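Chains A and B supply the protein sequences, listed in that same order.
Note that UniProt numbering numbers the first sequence so that position 539 is 539, with each residue one more than the last.
Note that UniProt numbering numbers the second sequence so that position 38 is 38, with each residue one more than the last.
Keep in mind that a hint or two might mislead.
[Said to hold, decoys possible] Simulated crosslink set (SDA-like; lysine to any residue; CA at most 25 Å straight-line):
no. : chain 1 : residue 1 : chain 2 : residue 2
1   : B       : LYS56     : A       : VAL287
2   : A       : LYS251    : B       : ASP29
3   : A       : LYS483    : B       : ALA25
4   : A       : LYS251    : B       : PRO33
5   : B       : LYS56     : A       : LEU293
6   : B       : LYS56     : A       : VAL283
7   : B       : LYS56     : A       : PRO291
8   : A       : LYS483    : B       : THR40
9   : A       : LYS251    : B       : HIS77
10  : B       : LYS56     : A       : LYS509
11  : B       : LYS56     : A       : GLN277
12  : B       : LYS56     : A       : SER276
13  : A       : LYS251    : B       : LYS56
14  : A       : LYS251    : B       : GLU30
15  : A       : LYS251    : B       : THR40
Bear in mind the hints are in silico, worked out from the structure with no lab data behind them.
Keep in mind it's a predicted model, so treat the numbers as computed, not measured.
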Amino acid sequence: MSGTLSIPGTFLLVGHPNVGKSVLFHRLTGAYVNVSNYPGTTVEVTRASARFDRDSALLDTPGVLALPSRSDDERTTVRALLNEPTRALLQVGDAKNLRRTLTLTALLAELGAPLVLALNMHDEAAARGVSIDLAALSEALGVPVEATVATDGKGVGALTRHLTDARAPRRILQYDKAFDAEIERVAAAITEHCPHPVLAARGLAILFLGGDDEVEAWMRQHAGDRFAGIATLRQEARARAGGDLPTLLAKERTEAADVLARSVVRRSIRSTPLLSQRVGQAVVHPVWGLPILLCILYLVYEFVGVFGATTLVGLLEEGLFEGILNPAMTHFIDAYVPIKWVSELLVGQYGLWTMGMTYALALILPIVTTFFLAFGVLEDSGYLPRLSVIANRLFALIGLNGRAVLPMVLGLGCVTMATLTTRILHSPRERLITTFLLALAIPCSAQLGVVLGMLGSLSFQAVLMWALAMVGILMLTGFLASKLIPGRRIPLVTEMPPMRLPIFGNVLKKTAGRLKWYLVEVIPLFLVGTFLMFSLDKLGVLPAIIRAGEPLVSGWLGLPPEASAAFVMGFLRRDFGATGLFAMSEHLDSIQAVVGMITITLFIPCFASLMMMVKEQGVKTAATMVALIVPFAFLVGGLFNIALRALA
Amino acid sequence: MSKHSDHQALVPLAFIPPGQEVRLASLGDEIDPHQREQLTAYGLAENRPIRVLQQKPMTVILADEVELALEHSVARHVWVSR
Numbered sequence: 001m002s003g004t005l006s007i008p009g010t011f012l013l014v015g016h017p018n019v020g021k022s023v024l025f026h027r028l029t030g031a032y033v034n035v036s037n038y039p040g041t042t043v044e045v046t047r048a049s050a051r052f053d054r055d056s057a058l059l060d061t062p063g064v065l066a067l068p069s070r071s072d073d074e075r076t077t078v079r080a081l082l083n084e085p086t087r088a089l090l091q092v093g094d095a096k097n098l099r100r101t102l103t104l105t106a107l108l109a110e111l112g113a114p115l116v117l118a119l120n121m122h123d124e125a126a127a128r129g130v131s132i133d134l135a136a137l138s139e140a141l142g143v144p145v146e147a148t149v150a151t152d153g154k155g156v157g158a159l160t161r162h163l164t165d166a167r168a169p170r171r172i173l174q175y176d177k178a179f180d181a182e183i184e185r186v187a188a189a190i191t192e193h194c195p196h197p198v199l200a201a202r203g204l205a206i207l208f209l210g211g212d213d214e215v216e217a218w219m220r221q222h223a224g225d226r227f228a229g230i231a232t233l234r235q236e237a238r239a240r241a242g243g244d245l246p247t248l249l250a251k252e253r254t255e256a257a258d259v260l261a262r263s264v265v266r267r268s269i270r271s272t273p274l275l276s277q278r279v280g281q282a283v284v285h286p287v288w289g290l291p292i293l294l295c296i297l298y299l300v301y302e303f304v305g306v307f308g309a310t311t312l313v314g315l316l317e318e319g320l321f322e323g324i325l326n327p328a329m330t331h332f333i334d335a336y337v338p339i340k341w342v343s344e345l346l347v348g349q350y351g352l353w354t355m356g357m358t359y360a361l362a363l364i365l366p367i368v369t370t371f372f373l374a375f376g377v378l379e380d381s382g383y384l385p386r387l388s389v390i391a392n393r394l395f396a397l398i399g400l401n402g403r404a405v406l407p408m409v410l411g412l413g414c415v416t417m418a419t420l421t422t423r424i425l426h427s428p429r430e431r432l433i434t435t436f437l438l439a440l441a442i443p444c445s446a447q448l449g450v451v452l453g454m455l456g457s458l459s460f461q462a463v464l465m466w467a468l469a470m471v472g473i474l475m476l477t478g479f480l481a482s483k484l485i486p487g488r489r490i491p492l493v494t495e496m497p498p499m500r501l502p503i504f505g506n507v508l509k510k511t512a513g514r515l516k517w518y519l520v521e522v523i524p525l526f527l528v529g530t531f532l533m534f535s536l537d538k539l540g541v542l543p544a545i546i547r548a549g550e551p552l553v554s555g556w557l558g559l560p561p562e563a564s565a566a567f568v569m570g571f572l573r574r575d576f577g578a579t580g581l582f583a584m585s586e587h588l589d590s591i592q593a594v595v596g597m598i599t600i601t602l603f604i605p606c607f608a609s610l611m612m613m614v615k616e617q618g619v620k621t622a623a624t625m626v627a628l629i630v631p632f633a634f635l636v637g638g639l640f641n642i643a644l645r646a647l648a
Numbered sequence: 001m002s003k004h005s006d007h008q009a010l011v012p013l014a015f016i017p018p019g020q021e022v023r024l025a026s027l028g029d030e031i032d033p034h035q036r037e038q039l040t041a042y043g044l045a046e047n048r049p050i051r052v053l054q055q056k057p058m059t060v061i062l063a064d065e066v067e068l069a070l071e072h073s074v075a076r077h078v079w080v081s082r
């Protein structure tokens, strides 16, 4: 800001999940973060320089339900608190639920860093008859409090002014005398052995007594062999507590937050529930929930499967590419490139343009665009967390809970993105099962579009057969995995954010962000894949592979020998393989089409998602998954071939 | 509504018909400790009013303008008073 001396440092955005931190982050930095109307979208911290002070960085942290940290998200946030040169904390809270917001403030205040409180979604609170005395709250906390509506920028200007002169907040509670003495003992030891440059020893002591692993690790590292003494203090405190110390401390914070919230919140009585609440309840209604889900699926199918995969692909592939661009390109290359293999590399059967770019732009782009638009609408409306409630019972059968529906549905967009999102699941066991099922039986949008386009043009029965096969295999392998992988299933407890009419601008922004991510990943891989195919073909390896694969592909799966090429392509990208089959669909009968699509869907996921599996689960686990998935795909495909031929 | 006192019968949240408002008495020890902390963080603290919105397919409640869905296996161990 002009006239203000710029002090370098980091502003940390902290708050509960789904309160609009990422939208606010976007407002304050101009940087785009993937924003969703469901909890747990931010799985890593995002950093950008602040619009109002280019020397300072702003950090968006994952939502914390409570501190001390228990989940990965919470640990990430505590790590950021411990390791950043924090200039000020910007706590973003839900104005509808001040008590919960203040429970977190009670803890942040003890950390002693300058703080500004943004009460976001003020409009939703007002619509529910909740009003807050901001001046009284600001007075009680000793820090600026601003009401904001991040989605339309309300209050953001004032917030930036407050941020540059943020102050340390007042403590909002006095712990029980005995607990306070314990806290002070540990705090004194921290001050002596491992003082933190920014955070107050007292706040760290409270987190440490509450069993925060990250704070413990940090203290272990900084106190060295004197850590043992601090750990002994904690043991003694726990023994004297007369109950579970973390729970008792948390209870005191909750009660203090409740008292403060009650003194500043006014509620007007509202006799009828809001329309958004009624819609929100209807979609999880025991009777109406399922028909509404089926209607939504049908609409998505019409939009992605029919409009995207048939109409748009038809216009682009047959009309634009095969009709105009490819002949022009071929003509141009033939005229100006005298070297035969170069022209073949560009516009031949496995040409970078005629195969790579045509697949990527004419076949895949319209499909992923329509899918991401549809997913964006569902996401922005708040429907997805409700879907996890409807799907919970089904997921219980495979040892998961309804929360896994989020990565699974996102997987229908992009398995790579979805594998990263498994971090929102609470246990390593859930993450492992979900990652495996994503790799095995969830087709990404590109592939889904190809499948729907190919089987949809045959008959509805073919689509249904494929879909039932996928759901059946998903359930069966999930059931087996849940029995084989040790550990307990965690029951679902979830918050359901309010349903709202999707904001078109949000949906477009998200779709654009995802498409960019997708294209940057997909086009190079398509080109590499095409080049690989071209080289294999030129070196005479492709015919050899086709011959070698013949017993498996033609004998066992009953497909034409050329389909082997599609599986080779499938190693690079599953949708690329499926597109390969799509391209030869005129030569396939309906059984071959169904068997081919079932096999290629189960087949190993694309290279990018394989890399993501390695990153999230380690090389050993990822390799084991691939070793299970590839033979399984061919086994199931062959069994379907035998069964369908017997039935036909 | 009167304040919860010991002589009032406690009922599991899972058995409260939709539409009723109740007050939270306690979270049973059968609930996993981490999940208990999670519920407290969501706002399920002693004496808080809770409105039951539905029981199928899951228990859905409104606590402080926040809608929460709980599986029956959890809601069975959440004790409330009418």
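Against the structure, the hints come out as follows:
With a C-alpha separation of about 9 Å, the suggested pairing of LYS56 of chain B with VAL287 of chain A holds against the 25 Å cut-off. As the CA atoms of LYS251 of chain A and ASP29 of chain B are separated by approximately 16 Å, the hinted pair is consistent with the 25 Å bound. Pair hint LYS483 of chain A plus ALA25 of chain B does not hold up; C-alpha atoms about 36 Å apart against a cutoff of 25 Å. Distance hint between LYS251 of chain A and PRO33 of chain B is fulfilled; the C-alpha atoms sit about 14 Å from each other, no more than 25 Å.
About 16 Å separates the Cα atoms of LYS56 of chain B and LEU293 of chain A, which keeps this hinted pair within 25 Å; it holds. Only pairs whose Cα atoms come within 25 Å are accepted, and LYS56 of chain B paired with VAL283 of chain A is accepted, the gap being roughly 12 Å. Taking the CA atoms of LYS56 of chain B and PRO291 of chain A, the gap is near 15 Å; set against the 25 Å cutoff, the hint holds. A C-alpha spacing of about 31 Å is found between LYS483 of chain A and THR40 of chain B, which places the hinted pair above 25 Å, so the restraint is violated.
Straight-line distance between C-alpha atoms of LYS251 of chain A and HIS77 of chain B comes to about 19 Å, which keeps the hinted pair within the 25 Å bound. With a C-alpha separation of about 36 Å, the suggested pairing of LYS56 of chain B with LYS509 of chain A is violated against the 25 Å cut-off. Proximity of LYS56 of chain B to GLN277 of chain A is assessed by CA-CA distance (about 17 Å); at most 25 Å being required, the pair is judged to hold. Under the criterion of a C-alpha separation no larger than 25 Å, the hint pairing LYS56 of chain B with SER276 of chain A is consistent with the structure, at around 20 Å.
A threshold of 25 Å between alpha carbons decides the hint, and for LYS251 of chain A with LYS56 of chain B the separation of about 30 Å lies outside it, so the pair is violated. Of the supplied pair hints, the one linking LYS251 of chain A and GLU30 of chain B holds, its CA atoms being roughly 19 Å apart against a limit of 25 Å. Between LYS251 of chain A and THR40 of chain B, the direct Cα distance comes to roughly 8 Å. Compliance with the 25 Å bound is thereby established for this hinted pair.
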